[in-house]
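Colleague: Given next are the chains, with one letter for each unit.
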Amino acid sequence: MGKRIGMEVAIAVAEAVGLCDIDMAAVYPITPQSHIAEHLSDLVANGEIDAEFVTVESEHSAMSAVIGASGAGARSFTATSSQGLMLMHELLPIASAMRLPICMAIANRAVSGPLNILNDHTDIMPQRDSGWISLFVENGQEAIDLSIQAFKIAEHKDVMLPVCVNIDGFQLTHMVEPFEMPSKEEVEKFLPPFVPHATLHPAKPVTMGAFAMSDYFTEIMKAKNEALKSSKKVILEVWDEWARLFGRAYKPVETYQAEDADVLMLTMGSMGETAQMAIDQLRAKGIKAGLVKLRLWRPFPLAEIKAVLKNVKKLIVTDRAISFGGPGGPVFSEIKSAMYAEARRPLIYNYIYGLGGRDVAVGEFVGMFDKVLADTKNEAADTYEFWGVRE
Amino acid sequence: MALKSWKELPIGCVVSDPGSASEYHTGSWRSQRPIWDNAKCIKCGICYVYCPEGCVQQTEDGFFKADLDYCKGCGICSHECWPRAIKMVEEE
Amino acid sequence: MIEVRWHGRGGQGAVTSVELLAVSAIAAGKFAQGFPSFGPERRGAPVAAFTRVADKKINVRSGIYEPDVVLVLDSSLIGLINVTEGLKPDGKLIVNTPKSPEDIRKALDYKGTLALVDGTGIARKEMGVPIANTTMIGALLKVTGIMELDAMKEAIEHRFGRIAQKNLNAMKRAYDEIKIYN
Chain A
1 MGKRIGMEVA
11 IAVAEAVGLC
21 DIDMAAVYPI
31 TPQSHIAEHL
41 SDLVANGEID
51 AEFVTVESEH
61 SAMSAVIGAS
71 GAGARSFTAT
81 SSQGLMLMHE
91 LLPIASAMRL
101 PICMAIANRA
111 VSGPLNILND
121 HTDIMPQRDS
131 GWISLFVENG
141 QEAIDLSIQA
151 FKIAEHKDVM
161 LPVCVNIDGF
171 QLTHMVEPFE
181 MPSKEEVEKF
191 LPPFVPHATL
201 HPAKPVTMGA
211 FAMSDYFTEI
221 MKAKNEALKS
231 SKKVILEVWD
241 EWARLFGRAY
251 KPVETYQAED
261 ADVLMLTMGS
271 MGETAQMAID
281 QLRAKGIKAG
291 LVKLRLWRPF
301 PLAEIKAVLK
311 NVKKLIVTDR
321 AISFGGPGGP
331 VFSEIKSAMY
341 AEARRPLIYN
351 YIYGLGGRDV
361 AVGEFVGMFD
371 KVLADTKNEA
381 ADTYEFWGVR
391 E
Chain B
1 MALKSWKELP
11 IGCVVSDPGS
21 ASEYHTGSWR
31 SQRPIWDNAK
41 CIKCGICYVY
51 CPEGCVQQTE
61 DGFFKADLDY
71 CKGCGICSHE
81 CWPRAIKMVE
91 EE
Chain C
1 MIEVRWHGRG
11 GQGAVTSVEL
21 LAVSAIAAGK
31 FAQGFPSFGP
41 ERRGAPVAAF
51 TRVADKKINV
61 RSGIYEPDVV
71 LVLDSSLIGL
81 INVTEGLKPD
91 GKLIVNTPKS
101 PEDIRKALDY
111 KGTLALVDGT
121 GIARKEMGVP
131 IANTTMIGAL
141 LKVTGIMELD
151 AMKEAIEHRF
161 GRIAQKNLNA
171 MKRAYDEIKI
181 YN
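Chains as they are written, first to last, in this note's numbering: chain A, 1 to 391; chain B, 1 to 92; chain C, 1 to 182.
The following block holds chain A by itself, in its conformation from the complex (with noise of 0.2 Å):
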C-alpha cells in the first residue's frame, strides 16, 4: 500500500506525476503552479527520474515542445495555470486533433484582467470546447490520483486524447494536507509502457496535422467528437481498476446525501468539501439537502446528470466563472441544456461565487440553500446572482 503523508499538493502532484515514467515534461512556471514545475524539475536534475525537462520561453512554447515530443513517441507532461493557459489556446485543440495523449495539471487561477492570480475557473472555461478530456478534483488524495489515472486515460489505444487535470491554484495547490502516495511498484503495475497509434519518426515517416479542406472537415470534426464522448467507458474502467488497486473509487458525477434530497448543490472541484459541511448543518436542522460534485466535465457525463437529477425539486448550480453577456455561469448552462428535453426538472438556480480567490466559507453555503428555499413563487429559478458582491 502507498505511505500516508503530509505534504504541499502541487509538489505531490509533480511527485505522483515523477511516478508515472514520464520521458518529458515541459513546463513553463505561473503561480500557483510554480511548485509544480520547480519539483518536477528538482526530479529530473537530481537524477531521481529519467525524463528530459525542458525549459522554455512561455507556454505557447511549453505546449508545442509537448505536442512534438508526444507526436514522437514520448509520454509527455505539462502543467499551467490563468494567463499560461490562454496562451496555449491556440495549441490545444491541435493536440486533441492529433490524437496526442499529453497531460496537462492546471492549477486553476483568475484570468486577468484586472491582474489577479488567485482561484477560480476563469482559466479552464474558455478551454471546454478544445476537446480535451477535462478532470477536476477536490483535495490533495485525487489530485495525485487523477494525475496518475490521467496518463492511463489519455494514452488507452480507444482514446489517444489530451487530458487535464484541474486543481484549484492556493485553495489545493499551497495546502499541506494529508494523503496516500502510490507507491513505484503500484503505479508501475498500474501504468502500461505507452504505445502510441504513430510516431515521427525518419525509419516511417507519417504526416501529422495534415491540411483539410471542406470535403474532410466536418468528418474529421464528427470523429474527434466520437472519440471524445467514446472515452467515458475507459476513463470508468480505469476508475473501476484503480478503486480495485488502491480502494479509493471515483465517478464522474459524485454525490453526497443526494438520494432522498428535495434540494441539491452542485459544486466542481475544492469547494465541495466545504458545501458537504453545510449539508451536514441544513441535514442536522430536518432540511432535506444534498450535494452533486461534477468531476468529469469533458465528455459531459450527461446520462449521469440525468440520473442524479431527475427526482429533486431545485438545483443550485455553482459557478465559478461566468459567460459575460450570456445566460449565466458555464456549468449552469449545460445542466440546463442537459435537463432541457427531461419530463421531470429541477428550478434551477444559479450563483457565480468565489471569483478571483474569494473564500466562501460554509455559512455561505447554508445562505445559498436558505435563499433557495425561501424563494417560494420560484421567481429567482433559471437565473443568476453573483453571490456577496457588495451593491
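No lab work stands behind these hints: they were computed from the structure.
All C-beta atoms in this analysis are idealised placements derived from N, C-alpha and C, irrespective of residue type, glycine included.
Be a bit skeptical, because a hint or two may be false.
What the hints assert, rightly or not - Computed spacing ranges between beta-carbons, pair by pair: (1) 180(A) to 182(C): 38 to 44 Å; (2) 212(A) to 35(B): 32 to 38 Å; (3) 100(C) to 243(A): 57 to 63 Å; (4) 100(C) to 371(A): 47 to 53 Å; (5) 82(C) to 209(A): 56 to 62 Å; (6) 67(B) to 212(A): 23 to 29 Å; (7) 203(A) to 23(B): 19 to 25 Å; (8) 93(A) to 2(B): 24 to 30 Å; (9) 184(A) to 148(C): 29 to 35 Å; (10) 87(B) to 209(A): 35 to 41 Å; (11) 63(C) to 42(A): 26 to 32 Å; (12) 184(A) to 29(C): 23 to 29 Å.
Keeping the supplied structure of chain A fixed, place chains B and C upon it in accordance with the hints.
Modeller: Okay, now just chains B and C, sitting in the frame of chain A:
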C-alpha cells in the same frame, strides 16, 4: 476517388503513406508553360534552384526541363533566367 | 479540531512553521492542514498562516475566521493589525515577546488566556539568529497539546539538516519557558 466516412478516418488523421502529396498533380493549375531555348541556355541551373515546386530537373545532356505533372506555370524560372532562355507560352 | 492563525511578517517563516507542524501532525497519525494566506509573497509585509489539526478527516477548505489559538510571531504587529480578530472567547493568544502580560493585555485590551515567551531571545541564544518560527512551535505545542514535542523531530531534521538540533533545542526551551496567564 470516393470520400471516406468519419468512421474510416485514421486516428488523428495521420498520413502514413510518405510522399503521398505526389499523387496530387498540381500541373492542372497551369495556364502557361515554360519552354527552354537550349541555344541560349548556359546550364547554370538557376531555374532548378528557384523553382518553388521542385519540378525542374536536369536531363542527361545537362539542359533543364519542367515536370509538367507538377509545374504550376508560375514563371519564376523564366523571370530568374538571366540569359532569357525560358519563355512562358499560353497553354492551349 | 483546533484552528490556529499565525501572524508574522514575510520572511519570518510562518509558512514554514505551519508546513512543519502539519507534516508532523500527519506523521503522528492526525489529520491536518497547513496553508499560507494566499497571494503574493512580500518580505516584511504582515502575513498570516493557518493550521488546522483534528483527529478525523478535515473537510472545511475556507479560511479560518474564528481561531482557537492566535500565535503572534512578531510583537511589532500588535497595534498595526488586529491580531485578536475573531479569536474565540475561550481561545488562547500566544505572543513572542519579552514584555509583561500586563503590557500586552493593555496594548490589546485583551482579557482572555495569554501565553508569553521571549522566542526571539531564545532563538538568538540557541541558534544565533533572531528567527523564532520553529522556536514558537514549542510554545504552541505546550499551550495546545496538539502533540508531543518529539513528533516534530523528523520534519525538523528533514528540513534543517545539520542545524536541526539547534532548532529542536530552541523549540524545547520555548516549550519549557512559556508562561500561561489565565
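Colleague: If a hint holds in the structure, say so; if it doesn't, say that too.
Modeller: These are the hints, each one checked on the structure:
1. Taking 38 to 44 Å as the suggested C-beta distance range, the pair residue 180(A) and residue 182(C) conforms, at roughly 41 Å.
2. The hinted range of 32 to 38 Å is satisfied by residue 212(A) and residue 35(B), whose Cβ atoms lie roughly 36 Å apart.
3. Checking the proposed 57 to 63 Å range against residue 100(C) and residue 243(A) shows it holds: the Cβ atoms sit about 59 Å from each other.
4. The hint said 47 to 53 Å for the Cβ distance between residue 100(C) and residue 371(A), and at roughly 50 Å that hint holds.
5. In this structure, residue 82(C) and residue 209(A) meet the distance hint of 56 to 62 Å, their C-beta atoms being roughly 59 Å apart.
6. Between residue 67(B) and residue 212(A) the CB atoms are about 26 Å apart, so this pair conforms to the stated range of 23 to 29 Å.
7. Take residue 203(A) and residue 23(B): their Cβ atoms lie about 22 Å apart, and the range 19 to 25 Å holds.
8. As the Cβ distance of residue 93(A) to residue 2(B) is approximately 28 Å, the hint placing it in 24 to 30 Å holds.
9. A hinted range of 29 to 35 Å for the beta carbons of residue 184(A) and residue 148(C) is consistent with their spacing of about 32 Å.
10. Range check, residue 87(B) to residue 209(A): about 40 Å between beta-carbon atoms, so the 35 to 41 Å window is met.
11. For the hinted restraint 26 to 32 Å between residue 63(C) and residue 42(A), the CB-CB distance of approximately 30 Å keeps it satisfied.
12. Under the hint 23 to 29 Å, the C-beta atoms of residue 184(A) and residue 29(C), about 24 Å apart, fit the expected range.
Checked against the numbered hints given earlier, the structure satisfies every one of them.
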